[in-house]
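Student: These protein sequence lines are chains P and B, in that order.
UniProt numbering numbers the first residue of the first sequence as 1 and each following residue consecutively.
UniProt numbering numbers the first residue of the second sequence as 1 and each following residue consecutively.
Source of the hints: derived by calculation from the structure; they are not laboratory data.
No experiment lies behind these values; they were computed from the predicted model shown.
Mixed in with the good hints, there may be bad ones.
You can't tell identical chains apart in this list, so a pair holds if it fits in one copy or across any two.
[What the hints assert, rightly or not] In silico SDA-like cross-links for lysine to any residue, where the CA-CA straight-line distance does not exceed 25 Å: (1) Lys155 / Arg186; (2) Lys290 / Arg182; (3) Lys155 / Gln81; (4) Lys169 / Gly15; (5) Lys155 / Leu2; (6) Lys155 / Asp4; (7) Lys155 / Leu3; (8) Lys290 / Glu181; (9) Lys290 / Val179; (10) Lys155 / Glu181; (11) Lys155 / Asp180; (12) Lys353 / Met394; (13) Lys290 / Pro404; (14) Lys290 / Asp180.
2 protein chains.
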Amino acid sequence: MLLDAAREAAAEAVGCRPDELVFTPSGTRAVHSGMAGVLAGRRRVGRHLIVSSVEHSSVLHMADAHEADGGTVTQVAVDRQGMVTTAAYVAALRPDTALACLQSANHEVGTEQPVAEVAGVCREAGVPLLVDAAQSLGWGRVEGDWSVVTGSAHKWGGPSGVGLLVVRKGVRFAAQGPVDERESGRAAGFENIPAIVAAAASLRAVQAEAAQEAARLRELTERIRARVPRLVPDVEVVGDPVRRLPGVVTFSCLYVDGEALLHELDRAGFSVSSGSSCTSSTLTPSHVLKAMGVLSEGNVRVSLPFGTAEEDVERFLEVLPGTVAAVREKLGAPTGEAVVQEEEVLVVDSLGKRCPIPVIELAKVIGSVPVGGMIRVLSDDEAARLDIPAWCEMRGQEYVGEEPADQGTAYLIRRTS
Amino acid sequence: MLLDAAREAAAEAVGCRPDELVFTPSGTRAVHSGMAGVLAGRRRVGRHLIVSSVEHSSVLHMADAHEADGGTVTQVAVDRQGMVTTAAYVAALRPDTALACLQSANHEVGTEQPVAEVAGVCREAGVPLLVDAAQSLGWGRVEGDWSVVTGSAHKWGGPSGVGLLVVRKGVRFAAQGPVDERESGRAAGFENIPAIVAAAASLRAVQAEAAQEAARLRELTERIRARVPRLVPDVEVVGDPVRRLPGVVTFSCLYVDGEALLHELDRAGFSVSSGSSCTSSTLTPSHVLKAMGVLSEGNVRVSLPFGTAEEDVERFLEVLPGTVAAVREKLGAPTGEAVVQEEEVLVVDSLGKRCPIPVIELAKVIGSVPVGGMIRVLSDDEAARLDIPAWCEMRGQEYVGEEPADQGTAYLIRRTS
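Required output: the full structure, derived from the provided sequences and hints.
Tutor: So this is what it looks like as structure tokens:
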């Protein structure tokens, strides 16, 4: 009875029938099961899958698995704000497309996607659209004529260990892997009843206050978006300025190591995240920032939870400039010294140095070549491949290209201003 | 840090290295991932899988999926106590055996399996043994030279939503499905840290008191085992009387509908389970009782949790006889009236009647045919196929066999006493 009541409450919040909704052990599991079920259910149609290039890793991991299993995948590109276009989805749709996936909003930069429009063109093509709504379900229902929705309770302030998988009636769905009699055969294993009840209750509670709280948080994040670039030099605020989640703001700081900044902010009492090029667990650049073509170094994501106090935001804005300056000072941020000069091309040897050092060294020497002059940065850090072009774009310098070097890669930059 | 500490505590309790243990969202998921990983990792050896016929449904579902995917499965039979023999595992092992599975103890009847011995013969054959230890981990480590162990926190009194998967170093293992960087790539999705911490703490807590509590509960379940057959007529206590879990006792009552008995006991304040032939969710007979060849009707499983009071057990024994009698009276338990007599064969028409009615009607008429006389029971309830032979065995009557009838199946019984 508790499970039935939770299912009804969650279905009401999502905007679906109770028998279309099952609880899974996580949002990741909901995504994996949802994608696998539709791909298998529509296998006769074909094995083509469409995803955006900024989806959550759970979607991209499943896409990788699908490709390894012989399927084909089209990644739809995003613009510099991290947004897809409906036209790009239309172009990606094929007669053998089994499934298209699009997040409701991006988890790193907060950009909201045109889900309702994309759902419309998918519906016209007879292709189900799976919407990973992990970031937005607490704020309200997913709009449009979607086919599958997934969510994750801890993202709306509910407990860990509960995901949602909603599959509209009429969508061909064949659950994969061993199943049991639980959750309509779509999520095997003993149900986590206490957590499920808490998940449904918390979803209803946050949605009830969503409109009011969204307006309040949007004002606070707008304050951060507007003031950070004025308070801190060489900062790029990323993500769409208008179509965005209320409580997320992300920016990248030139000449800063993201992890170092996180630690400093943590000491000041602020828990922020980084989709940085140097996250400690994987050391690979954020695929989202990469797809957007924006700077990935010194990346900070500020998430304001429900009820965040204005004073905390103000204190964050007070603390940030000094913190960034301290990190830059430790790394030896640019002052304008040249390194090794050879003929017309200035060579910067950053081999063995990790981001953001190569960019810092580039910035230090750009002023020492004449306008029109070339700089050749040698680097063996993979993140330089993203960050040097992004720095050029931010600084209005020309990124010429890269070429293999004896060691690592040489990046060519022409000073244009 | 919390996750690392929980992993170390759980590993100490299980008797493995911390890096051999990952947390999963449920015991079912641990079984599915563990079996799939070993089957894929050892695919070059072959695709033969061995399971016992009384494994938990999670193991059998995975075996079904493996078979549907082109693998082969051998089910090892059990004796009337629900126990496998090591010899049967030896006989089942083949050069292409990729994996063998054996529960530490049965979840319905409590019988402990000879896991250490079976692990030994599997080790000699170079075949990993996966032990589903869901029922026993709270009582202590799994003995013997096993390769994979799975467990479930809510089974030892911990929270829902946490399973354990332990894979010994050296076991070939290829995680299946999309994975991420969490839990060594063996359990994707956001970790449920609070529940994992609680799971590890509770495992350590219950194991610390396990020896003392096991002795106490074993005395209480022994009391139930000994007294129920004296208090209630026509009862069979099932499961091994000696090699068994401390806190579980299971019995079957002739002429009783298991669900009805559960409801009556619930009204008296006792929450018991039934691996009955008539569970409301599936309406299929318990595969465990079927494999054991014992009566499945009127089945009751009494589980005594940690700390169960002696008074509660005594009250249960006071309430049970009257409750069973009341259920039997409602169903019209046998008094000895004949139904339809034809020549030498007495025909009992139980078509359209659900268990335990066919057995009740058989019991009512057995006295009305002479010794040596035959009874033909017509039934279209699948459970009759198990329960009529089981009744014959309990009553010392001869079960002759079954044959198709115009409607349903005819079961032939010869009165021998």
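Student: Each hint should be assessed against the structure and marked as holding or not.
Tutor: Hint check results:
no. : hint            : verdict
1   : Lys155 / Arg186 : both (22 Å within a copy, 23 Å between copies)
2   : Lys290 / Arg182 : between (40 Å within a copy, 22 Å between copies)
3   : Lys155 / Gln81  : within (22 Å within a copy, 48 Å between copies)
4   : Lys169 / Gly15  : within (13 Å within a copy, 47 Å between copies)
5   : Lys155 / Leu2   : both (22 Å within a copy, 20 Å between copies)
6   : Lys155 / Asp4   : both (22 Å within a copy, 23 Å between copies)
7   : Lys155 / Leu3   : both (20 Å within a copy, 20 Å between copies)
8   : Lys290 / Glu181 : between (42 Å within a copy, 19 Å between copies)
9   : Lys290 / Val179 : between (38 Å within a copy, 22 Å between copies)
10  : Lys155 / Glu181 : between (28 Å within a copy, 19 Å between copies)
11  : Lys155 / Asp180 : between (27 Å within a copy, 18 Å between copies)
12  : Lys353 / Met394 : within (22 Å within a copy, 80 Å between copies)
13  : Lys290 / Pro404 : within (21 Å within a copy, 69 Å between copies)
14  : Lys290 / Asp180 : between (40 Å within a copy, 19 Å between copies)
The structure agrees with every numbered hint stated previously.
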